[in-house]
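Listed below, chain by chain, are the residues.
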Amino acid sequence: MTGPTEVTFTVNGKRRTIRVEPRRTLADALREDCGLTGTHLGCEHGVCGACTILLDGNPVRSCLMFAMQADGVELRTVEGLAQGGKLHPLQQAFWDHHGLQCGFCTPGFLMLAAGILEQYPDIGEAELREALSANLCRCTGYQNILKAVLAAAAEMRQ
Amino acid sequence: MSWVGRKLPRYEDPVLLQGRGRYTADLADGARALRFVRSPVARGRILGVKAPLGATVITAADLADVKPICARLDRPDYVLVAQPILARERVTYVGEPIAAVLADTAAAAEDLAELVEVEIAAETPVVTLDQALAPGAPQVHDAAPENTLIDARLETPDVAAAFAAAHEVVEFAFTSQRQAAMPLEARGAVAALDPATGRVTLTASTQMPHLLRTGIADALGMAESELRVVAPEVGGGFGQKMALVPEQIIAVWAARRFSCAVAWIEDRLENLTASAHARDQRLHLRGAFDADGRLLGIDADVLCNVGAYSSFPATCGVEPLMALADLPGPYRVPEYRVRARAVDSNTCPMAPYRGVSRPVITAAMERLMDCAAFRLGLDPLEIRRRNLIAEFPHTSVTGVVQDGGSYREAMEAAAGLVDIAAFRARQQQARAEGRYLGLGISVFSERTGPGSPAFAARRMAITPGFERVELAMDPSGFLEARIGSSPHGQGLKTSLAQLLADETGVAPDQIRVISGDTDRTPYGWGTFASRSLVIAGGACKLAGIKLRDRLKEVAAQLLEAAPSDIDLGGGRAVVRGTDLGVEIREIARTAYFQSHRFPAIAETGLSAVATYDPYGTFSNACHIAIVAVDLATGQVAIERFVVVEDAGRLINPMIVEGQIHGGVAQGIANALYEAVVYDDGGNFLSGSLADYLVPTMAEIPTLEIHHLETLTEASVTGAKGVGEGGTIGAPAAVLNAVSDALSPFGIAIYEMPITPQRIRQLLRDSRSSPQ
Numbered sequence: 639m640t641g642p643t644e645v646t647f648t649v650n651g652k653r654r655t656i657r658v659e660p661r662r663t664l665a666d667a668l669r670e671d672c673g674l675t676g677t678h679l680g681c682e683h684g685v686c687g688a689c690t691i692l693l694d695g696n697p698v699r700s701c702l703m704f705a706m707q708a709d710g711v712e713l714r715t716v717e718g719l720a721q722g723g724k725l726h727p728l729q730q731a732f733w734d735h736h737g738l739q740c741g742f743c744t745p746g747f748l749m750l751a752a753g754i755l756e757q758y759p760d761i762g763e764a765e766l767r768e769a770l771s772a773n774l775c776r777c778t779g780y781q782n783i784l785k786a787v788l789a790a791a792a793e794m795r796q
Numbered sequence: 006m007s008w009v010g011r012k013l014p015r016y017e018d019p020v021l022l023q024g025r026g027r028y029t030a031d032l033a034d035g036a037r038a039l040r041f042v043r044s045p046v047a048r049g050r051i052l053g054v055k056a057p058l059g060a061t062v063i064t065a066a067d068l069a070d071v072k073p074i075c076a077r078l079d080r081p082d083y084v085l086v087a088q089p090i091l092a093r094e095r096v097t098y099v100g101e102p103i104a105a106v107l108a109d110t111a112a113a114a115e116d117l118a119e120l121v122e123v124e125i126a127a128e129t130p131v132v133t134l135d136q137a138l139a140p141g142a143p144q145v146h147d148a149a150p151e152n153t154l155i156d157a158r159l160e161t162p163d164v165a166a167a168f169a170a171a172h173e174v175v176e177f178a179f180t181s182q183r184q185a186a187m188p189l190e191a192r193g194a195v196a197a198l199d200p201a202t203g204r205v206t207l208t209a210s211t212q213m214p215h216l217l218r219t220g221i222a223d224a225l226g227m228a229e230s231e232l233r234v235v236a237p238e239v240g241g242g243f244g245q246k247m248a249l250v251p252e253q254i255i256a257v258w259a260a261r262r263f264s265c266a267v268a269w270i271e272d273r274l275e276n277l278t279a280s281a282h283a284r285d286q287r288l289h290l291r292g293a294f295d296a297d298g299r300l301l302g303i304d305a306d307v308l309c310n311v312g313a314y315s316s317f318p319a320t321c322g323v324e325p326l327m328a329l330a331d332l333p334g335p336y337r338v339p340e341y342r343v344r345a346r347a348v349d350s351n352t353c354p355m356a357p358y359r360g361v362s363r364p365v366i367t368a369a370m371e372r373l374m375d376c377a378a379f380r381l382g383l384d385p386l387e388i389r390r391r392n393l394i395a396e397f398p399h400t401s402v403t404g405v406v407q408d409g410g411s412y413r414e415a416m417e418a419a420a421g422l423v424d425i426a427a428f429r430a431r432q433q434q435a436r437a438e439g440r441y442l443g444l445g446i447s448v449f450s451e452r453t454g455p456g457s458p459a460f461a462a463r464r465m466a467i468t469p470g471f472e473r474v475e476l477a478m479d480p481s482g483f484l485e486a487r488i489g490s491s492p493h494g495q496g497l498k499t500s501l502a503q504l505l506a507d508e509t510g511v512a513p514d515q516i517r518v519i520s521g522d523t524d525r526t527p528y529g530w531g532t533f534a535s536r537s538l539v540i541a542g543g544a545c546k547l548a549g550i551k552l553r554d555r556l557k558e559v560a561a562q563l564l565e566a567a568p569s570d571i572d573l574g575g576g577r578a579v580v581r582g583t584d585l586g587v588e589i590r591e592i593a594r595t596a597y598f599q600s601h602r603f604p605a606i607a608e609t610g611l612s613a614v615a616t617y618d619p620y621g622t623f624s625n626a627c628h629i630a631i632v633a634v635d636l637a638t639g640q641v642a643i644e645r646f647v648v649v650e651d652a653g654r655l656i657n658p659m660i661v662e663g664q665i666h667g668g669v670a671q672g673i674a675n676a677l678y679e680a681v682v683y684d685d686g687g688n689f690l691s692g693s694l695a696d697y698l699v700p701t702m703a704e705i706p707t708l709e710i711h712h713l714e715t716l717t718e719a720s721v722t723g724a725k726g727v728g729e730g731g732t733i734g735a736p737a738a739v740l741n742a743v744s745d746a747l748s749p750f751g752i753a754i755y756e757m758p759i760t761p762q763r764i765r766q767l768l769r770d771s772r773s774s775p776q
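Read top to bottom, the protein sequences are chains A and P. Note that the first sequence covers residues 639 to 796 in the working numbering. Note that the second sequence covers residues 6 to 776 in the working numbering.
Since the hints were derived computationally from the structure, they do not count as laboratory data. This one's a predicted model, so the numbers in the text were calculated from it and none came from an experiment. Mixed in with the good hints, there may be bad ones.
To be verified - Straight line, CA to CA, 25 angstroms or less: simulated SDA-like cross-link-like pairs of lysine to any residue:
hint	chain 1	residue 1	chain 2	residue 2
1	A	Lys-785	P	Asp-570
2	A	Lys-785	P	Arg-11
3	P	Lys-12	A	Gln-730
As the list claims (entries may be wrong) - If you only want the chain A side, here are some residues facing chain P, beta carbon under 7 angstroms, derived:
hint	residue
4	Cys-686
5	Gln-729
6	Gly-753
7	Leu-770
8	Arg-795
Glycine residues also receive a C-beta, built at the ideal position from the N, C-alpha and C atoms.
Extracted from the complex, chain P is given alone in its bound form (with noise of 0.2 angstroms):
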């Protein structure tokens, strides 16, 4: 029987269930507690530092010899903006580091950091993408003319004419605020010298363990075997823990000036302050529909405010150039013109954030269908009917290859599962009653486990892509696979041991996966943009037949028997339509001890390497919610959310469910509470998770799940990536639901979060009774 497709409890839960995991802060013993002294103005010249007598206060002046952090773009409209380790002469962003202390223990760091004196000569700062754009804005880089980074476009022989044709031209400007992916576990890095060897140990609260080994070294212009960077139980990254930040390399800088190991442990205020945000967006959207409802066209317009700097490695490029290329989703878009700038702004720059860009375009892309079907008199089905891609592969207008996905099944299921028509009648009987009920419908399509060519097209000058793995079988006959991927919490060890059990018959927990430690696994990409199970499987699938060949050519020596009629599983190699047999452990022992009868594989023992690097996969998924609105607060209670789900072959479909329950809990999160604000001053307004709305188990509803599984050749094992899904698909199915709900007196959505207070605007805004 097959490991794969079973709900196997996951092999990295003991541990953590019994408080014995190990996360950064809990290997900081021992080490000086490095703490930042951080602007606190949005923009403004530094006139001076001053540290109190005989402290170890670290400043730019001190970091000549370190190398800003350089995220490139190999495109012409480009402009590279490079980020100083510490602020040197200006601030650009309240949080921005100044200044670095060093002391004995964490309260003693934090009481020297109050005592270092900053001036500043404060400047009004560009805070909004309105006034980032503004003509005559002042510039938060001399290099950046109007505030503007990156100015892609993209445009269709014929959009004019498709717009020209239109029947109906639906237009609205969509607006997402900034939000924060807010990992529980903040950000953390100890990094210790070894006297003995001068090499220095980063473990770091991190999801890409290697690149950040790259990163460090490049900036301290180190050579990399002098850094081993060790990622180890990590509390949650969605995206966020994927960038190279000036904490972590001034914390290998501190640990080599001052041979010693130091610890910067980021608290909850930082974090949100100066960890990085993403989402801050605005499209202004236009659609050309015939007259039976089918997309001629899109024009778009995406605004997205990018803070202050660049992160490495995704770039600011990530949350525009993602809209650019993903817009059309799942519809068939003949025609497109596109414009996708990154704004930057004195504000926290950007990293990746679960969905990157698809929440905000998904959302946008869905109301657009809901007013589309409301003008021309449609069911919001059968307008996504018309337009959803049926044939596949399908080449989009932007050139990415969609491969094989249930797009239209998926809806069609989900809208089954709900009763549309039995909850309009409810809704009909409920507004008679006062109760404002509304039916949202969100469909679409999720690029995952995008290789090389993926992030080549976007032309990043580091382009992530494969994932390498490492297969060694010991003497005892215990499987340990090493793998460049740095799962934090998504139980790719597990999932990845089942693979592995099915190529080679070894029972998954006799397979140890070895992960986010760069002195013992093969040189990888990390966790990110639903990769892992896609690209690090598929190389586990791959180099698990290489093991098994072995495997087999080893057994059948010892059973006299042809390898091809040798069968692995539980444990053993058996000669196919016989019972005899024998254990692996037995096959690994004579390989490694009898290796002299074995020249076939002298050369690899029973070990093997693999690397795999696809294309990518599309996973999609339709997301239906149900909600309630209350006139009175402006509240939204969602009554029923269910989702339909298309991710390949279901590895472990307890983890898939569980990393949809997190997804879509964060996609009703990013639509119904959480915003990162600002005033105008550019002062933050969101320091504490008593203002930055986090919802809890009272907000998030019981989440109904259903999966489709259309086996793709896109992906070796089958599966596609599931980690960003949920959060893609959410907002758009709650937004459309309230719009649903307030639709009697004539309100839309257009806009995330759409918290009680804006809730209560609108309807004081709108000024009708109900019709």
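If we strip away everything but chain A, and leave its shape as in the complex, we get (with noise of 0.2 angstroms):
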């Protein structure tokens, strides 16, 4: 087995170097070299997302990846989204509409919104029905995170 290896990233804006091990998951690596437990893990084999973080601006799944992959690109998770002590609109929104109970979902649901409300600002109400189905919450029904996404999208349209 090769020996651990550094990689180098930014994360939430920080430049990051750790020490990996080449099999040490990306998820595993925000977690625990990085301290970034916003990040979580449902089922570590792709399907539930709650370990959905953005790459270069696109939504992943961090549990999918080894850390090693990550090396020179641009990580942000769910501790970067509020700026400057104000709540993201997305996480604004979930508060209002009462989108998490458990919470632990949440942060995967918001990094997903995040991603796919940046790229595609005016998505509509079935296109962003599908592109969250990539989630999995146990708690909600989807109802209110649908309710919470159409009106972040609608506060970050202004």
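Please assemble the complex out of the two chains, which come individually in their own frames, going by the hints.
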């Protein structure tokens, strides 16, 4: 087995260099090497999407990538959403519309939605429903997640 | 203005939204990793366990002093089967823990677990109900002949006469496949020994911290004071996390044995394979009806495949005994015969899962109503009208007292919202075009907030029920409420703050609810059985009234008025009818720092304790589903889903609706998608979320929710529980709708989930073109 290797990426605007085993997933590297435990692990096989983060602006499953594959990229996690003590419109909308219950899937949904809305600010409800079906939630029946993302989309278009 | 009834955003949310919530796995830093070696076969004799040299590997031989898990029921028909903490001589299901390894990192622990060699002489397992009950079947446990752990019966005197007099007898077998609660956060436990005190703190993803402390202390022979259990943020439970499991006991044992911190963080494969399952149930149901469609009697044989052991504390009676007691549901059933059995097998043990048996028995009863209506030429609404309980309180044939509800009103309201006549016209037209639509009705009642009388009736040796609340106001006027319930996503802290605000006048954002820490909260039973708002909420109200009186006592002196003339609200005490007032924080400060002036509250100061232990109260609802079935693929699309529910007084309507949303989604999942599958050899085939199909936003339609509010006296707040109703009612509505859609093919559905494969199979078997 190859020994620990250095990898450098930017996470939430901050440059980080960590030493990881080649088999370390990006999710584990974020949680354990960067202390960013807001990224959650729900299945570790790429179905539930709780570990979704933004990689160069695209939503990805951080459990399906090795940390070494993230060398030189720009990462954003849930910890980077709020700016200057002010909640991101998506966070505010999830709060206003009761878009979370146990909160475990929430960081993944927030990052998925952030990635979608940044790329497709005018996305329609049907397409949004399809895109958000990438992630699983067990508490909300998805009703208020959809409402919250639609509300945030409207807010972000202002 | 009252805080109760407002859609107040949750106080729980900001921390969770910013990724600052701390779940068990986030608190494992610095702990050694604990990993389990699990049985790869369903049944067999352990010939040997060989550990790599120098590795820390724990086997049953190390645990001679640890008591097995024993879930007790004081029933003569109950066979007690003790669950070993690690398998000793035999393995009884795939995933059963055989050994545990400790290593410095999670990855190293996984590597090490793979190096542990377990030699097992595999034997032919019993997996299904039919296998377990076959004459001469191998016994899962020597103590349990015919693989039966519970055989409960109940019969009213004139059942035979009711069936003899029947105009129509409807009979069928209804099957629910095994399902999994699938909380998005799998289980976990971090146990840390404090070398200074010798105490262990167990941080665990649990719904019942106090009972977990009791269970572990009993197993390890510790005083409960030596163990602190903390439930941090918990990523869903749905019943699965209200069981004491071997992994938690080992974590505490290892922390003590090795004087360190250890972390067991379950992965999804383990969670699906070896946490707990539910709903593996088959009913043979007969209903006797008179010519007018009135139920004369029910005869039911209920079989529950409960897996290899009986989970603590709920026991394997949780499903069969619930079915026995609650099968009649919202209907008048004059005569009733039931036999309900818990059948053990070489499969993962059962634990409660949201709804507990009632999603299955409700689906069966609602199918019975539709089948009877069809045979008697009655409208599905009409047959229900003739049988729903209309006078309250109603004592059921099993002795359960149902308090006031709106069974019929909810159904009529839902039917009115859907416009069934218009749907029937659309359905006819669609059929002519080769499209198959169906409408399904589900009416049910749900026992919520059961106190100790309900669990005592089940004869649980450990009888849950009461909740205690301790209130304390600090000198700045901030109110702390310490509760024994252990919410994990239900928004209970916000709802309780609303209840307390109305009683004490303190603004809800000045109220902090503390839960999930046995060092800081009074002994309580945790959060399950749709109980926390009813029981902990009731206790909050009762304690709030006591504190209110103490605040008034102080305010009265400060304002030179009689306590009875003081009103509390908006953070102030005012003399009624005047603008004389004082801030509550001033009252608090004075009460603490001028205590000599208030001898009447010398004993308690600004604190109050109350306990509430109600009989329980019944919520009710009607669900109506409209579906479209694609004949070519067997896919069911839900076009519309309407819920009219009555959970009594709504404390926070937004939270209530959230509970119904999530419950209905799980009910739809139960009806259409989710199945835990074993092959005949007991091998586990549902070990990933690509195999166990949890629905996404693409499958769950927009849910329309409407409320009725029957203000019951069975709950001091007027609120009923609402955690499980969605899951209980939804499968029946969906299955009735699919049956309605496929009725032209002579197909009726008596199983869940009804997957596309099964629908295609039924269509092939029907071999008939639409009639």
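Here's how the hints hold up against the structure:
| no. | hint | verdict |
| --- | --- | --- |
| 1 | A/Lys-785 x P/Asp-570 | violated, 46 angstroms |
| 2 | A/Lys-785 x P/Arg-11 | holds, 19 angstroms |
| 3 | P/Lys-12 x A/Gln-730 | holds, 15 angstroms |
| 4 | Cys-686 | holds, 6 angstroms |
| 5 | Gln-729 | holds, 4 angstroms |
| 6 | Gly-753 | violated, 16 angstroms |
| 7 | Leu-770 | holds, 5 angstroms |
| 8 | Arg-795 | violated, 21 angstroms |
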